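Engineer: These are the residues of each chain, in order.
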Amino acid sequence: MATTTAAGTDTARIRPSKSTGFLSWVATTDHKRIGILYFWTVLVFFFIGGVESSLIRAQLAQAELSVLTAEIYNQMFTMHGITMVFLVVMPFAAAFFNYLLPLMIGARDVAFPRLNAFSYWFYLFGGIFLYSSFFLGGAPNGSWVGYAPLSTNAVSNMAFYAVGLQILGVSSLASAVNFIVTIVNMRAPGMTFMRMPMFVWMTLTTSFLLLFAVPIIAVALFMLQFDAVFSAQFFQPATGGDPVLYQHLFWLFGHPEVYIMILPAMGIVSEVMPTFSRKPLFGYAAMAFAGAAIGFIGFGVWAHHMFTSAIGPVPRAAFSVATMFIAVPTGIKIFNWVFTMWGGRIRFTTAMLFSVGFVSMFTIGGLSGVMHAIVPHNAQQHDTYFVVAHFHYVLFGGALFGLISGVYYWFPKVTGRLMNEKLGKVHFWTWLFGFNLTFGPMHMSGLLGQPRRTAVLPDELGPTVELYNLLSSLGVIVLIVSASIFLFNLIRSIRRGEASGDDPWDARTIEWMTATPPKHHNFDVIPVVTSRDEFWHRKYAESEQGIPVAVPVGASVDHDADGDAGHIHMPDPSLWPAIHTLGVLPLGYGLVYANWLLIGIGAVWMVTGMFGWIIEPLAEGDDDEPALAGSAAH
Amino acid sequence: MTAIAPSTSMGLDNRKLGMWTFLASEFLFFGAFMSAYLLYIDETNRGPGIEIFDIPFTSVSSFVLLMSSLTMVLAHNSHVRGDMRRMRLWILATAGQGMVFLGGQVYEFTVFSREGLDLTQSPFASSFFFLTGFHGAHVAIGVLLLLGLYSLSRTGKIKPGQDVKTEIIGLYWHFVDIIWVIIFTVVYLIPELRG
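Here the protein sequences line up with chains A and B, keeping their order.
So for the first sequence, my numbering puts the first residue at 201; every next one is plus one.
So for the second sequence, my numbering puts the first residue at 2; every next one is plus one.
If we strip away everything but chain A, and leave its shape as in the complex, we get:
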C-alpha cells in the first residue's frame, strides 16, 4: 500500500497512475510491457529492413540492371545491415529478455525498472534518428561497418551512422547492466546458478558480452564522428592516421556482436527443445560452459574479419587457429541439442520446427564460417557473396529462426491464446524454402566471384551467376508471402485465438506457473526452488522405471493462499525515462551538424530529466528506498 510521507507530498510529481491507455504505455516500468513494446517496434523495423533487401534483390535480379542508382543502392545495403543487426535481431532478443527474465528466475521485475524503460526509449529514438537521415541529405552509405577514412568523408552521410549507433549502444549497455544485476542478485530462494533455465544463462553471457563490447565501438564511433564533423585526425592517412585502427576497434566490438546476436536464440532453442522432447536439456553444465566459452573466446578472434588488411602473417595464423577453436564449444551445443531430441517423445509443433530449423541452418552457416577461418580461403572469399551467404545462414537461419521459435512458444503465456498451428506450419515450410532459395545460391555465386556491395551485377560473371541471382530474388518473394502468413496468424490469434490455459505445452520452467497473462506482480507467491526444471518437478515425480508420474495439482500452480497478494509493493509508472531520453534527439542532431545550440539544449534537457528521475521515488511513498531490494514476497 502506498502511503505518503512527510517529505513525499510537497514536490511536484508527474506521475500517471492509470494502468490502461496510451500514457500508461509511455510511462510503463513493467518489464512485460517493455518487452511487448520492443516486440512491436522490432516488427516495424523488420518490415522496413525487408523492403530494403527487396530493393537490393530487385536491382540484382539480373545483370546490368538500373532499378536503383548506385548511391541509393549503397544506402540500401548499409541501412539493411544496420537495421537488421541493431534494430531487429538485438532488440528482438531484448524483447524476450525483458519479458521472460524476471518470470524465469522468480522475480517481480528487473533490478532497475526505469532504466529498463530508458533502454527501450533510447532504442526507439535511436532508430527514428537513424531513419530521419533519409530525409536530411541521405542515409549512411558506407556499409554497416563504416570503414574509415571513406566513412569520415562527408559524401558517406556517416555522421548519422556514428551518432545513431552511439544512441543504440547506450541502450544496450544499460540493458546489460540491468540484466546482470537482476540475474546475479534477484533469483528466487533456492535458485542457484546451476538451476537457472538455460535461457537465463545465455542472457547473462550476452549481457557480459555487451558490457565489454559496446564501450569499444563507442570509442570507434566517437573517433569516426569527430573525424567526420570536427576535423579530428584519427583515421586520416595524410597526417599519419591509420585506417586499420578503425577496423581493429570496430571488430573488437563486431565479433562479440555476432555472439550477442546468436546466444539469445540458442537460449530459446534450449528451452523449446526439452519441452517438446519431454526430456531435460542434454548436458546442461556443458551447455552453460560452452556458451560462456563462446563468449570469452569471441573476444579473441576479431581480426579474422581483417585477414586481407595489412596485419601480417603471424596475426593471421593466430586468429585463424583461435577462430577454429570456437567451433568446439559451438559443436558441443549442436550435439547437445540433437542428444536432447534423441530418445525423446517429440511433438513437432511450430515452435519445435523452428528450433530444429535453427540447429540445421545454423550448422550450415557454421560450416561456411570455418571455411572463412582458413586464411587462403578467406583471401578468395572475402568481400564476395560467399560471406553474405555465410552470415545470412547463421543470422537468418540461426538467430531469426530461433527468435521466431520463441514467439510461437511463449505467445500463449503472453496472450492467453494459441497461435494457429496449421498456419504456423505453412509459415515454417515456406519460410525455410524461401530462405534457402534466397541464400543458398549465394554460396556458389560468391565462389564464382560475385563481389559484395556492388550495385550492378556485372555481365562478365556469366549466365550461371545471373541465374543464381535470379533464384535469390525469387526467394525473396517466397519470404514475403511467408512473412505475411505469419503476420496474419499473429494478429488473428491475438484477437480470436483458442484459449491456451496457463501451461499449454506441459513445460519445464517456472514462468509457466504464473497466471496467463502474468499479473503485474508476476507471482502471488515467489516459489522456493529446489531443482533445475523446477516447474517440471512440481508437476511430476518419477516412478521406479524413471517414468514421469503426475502429482496432484498443488505446488505447480501459483496461488495466493493467504490472500495478501494485494499488498505486494511494485514500482509505479514513471514518465521520466521517456522525458529524459527525448533529449537525445536535439543532442544527436547537434552532434551531426556541429550545432552547439542543439547540443546544449539536448545536454541540459537530459541532465534535467536525469535529476527529475533521481528525485522521484521508485514507488510513491517509498521514501526513496527501492521497494525491490530483492526477490522476497512482501
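Please keep in mind that the hints were generated in silico from the structure rather than gathered at the bench.
Only true hints are included.
Calculated Cβ distances over 10 Å to all of chain B for the following chain A residues:
{"hint": "1", "residue": "P216"}
{"hint": "2", "residue": "S217"}
{"hint": "3", "residue": "E264"}
{"hint": "4", "residue": "T269"}
{"hint": "5", "residue": "I328"}
{"hint": "6", "residue": "F334"}
{"hint": "7", "residue": "I511"}
{"hint": "8", "residue": "G512"}
{"hint": "9", "residue": "M524"}
{"hint": "10", "residue": "I574"}
{"hint": "11", "residue": "G634"}
{"hint": "12", "residue": "W705"}
{"hint": "13", "residue": "H720"}
{"hint": "14", "residue": "R738"}
{"hint": "15", "residue": "I747"}
Within a straight-line C-alpha distance of at most 30 Å, the following computed DSSO-like cross-link-like pairs (lysine-lysine) qualify:
{"hint": "16", "chain 1": "A", "residue 1": "K218", "chain 2": "B", "residue 2": "K158"}
{"hint": "17", "chain 1": "A", "residue 1": "K719", "chain 2": "B", "residue 2": "K17"}
{"hint": "18", "chain 1": "A", "residue 1": "K218", "chain 2": "A", "residue 2": "K719"}
{"hint": "19", "chain 1": "B", "residue 1": "K17", "chain 2": "B", "residue 2": "K158"}
{"hint": "20", "chain 1": "B", "residue 1": "K17", "chain 2": "B", "residue 2": "K160"}
{"hint": "21", "chain 1": "A", "residue 1": "K625", "chain 2": "A", "residue 2": "K479"}
It should be emphasised that the depicted structure is a prediction, and the values quoted were computed from it without experimental measurement.
All C-beta atoms in this analysis are idealised placements derived from N, C-alpha and C, irrespective of residue type, glycine included.
With chain A's structure known, arrange chain B on it following the hints.
Structural biologist: What follows is chain B alone, placed relative to chain A:
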C-alpha cells in the same frame, strides 16, 4: 550502519552491484582510447608532441584529484556514522577539488592550443585530447553527481541510513581517479622517462 538487503541472492545492494558492473565496462572504454593514444604517440604531423607537457603543473592537479578521493572516503564514512553535516562538508570538499582539477585541465588545454596543439593537429593530438577530454567529462559528471548528493542531503531526501547512495557515487569517483592515475603515468610520466 550500512543497510544490507537480506533478500538479494548475493546479499549485496542492487545499486552497488550495478555501479560495479557499469564501471567494468568503463575500463574498456578508457582502455580503447589509451590503446589508440599509444599507437599514435609519435604521429605528431610535424606539430608538438610529448615535449609540450608541463609535468610539474599536471602533478599538482593530479595530487588534488587524488586528495579528493580521500575526502570522498571521509564523506562516506561520515554518512555511515550518521553525521550528515560532516558528510556534506566532505562532499563539497571533494566536488571543489574536482573543479580545481577541471580548471587545471582547461588551463592546460588552452595553453596547448596556443602552442599549436589542438584536436585537429595530428593523430597524437586527437588521441591525447580524447583520452584526457573524456576523462575530464567523467570528472565533470562526477562533480554534478556530488553536488546533487549535497543538495539532496540538504533537503533531507538523503537520510543517515541511506549511505549506499554516497557509496556508489564514491565508487564512481574513485574509478575516475584511478583512470587518471593510469593516464598520468602512461601519457605524462612514461614518455618522459623514455626520453
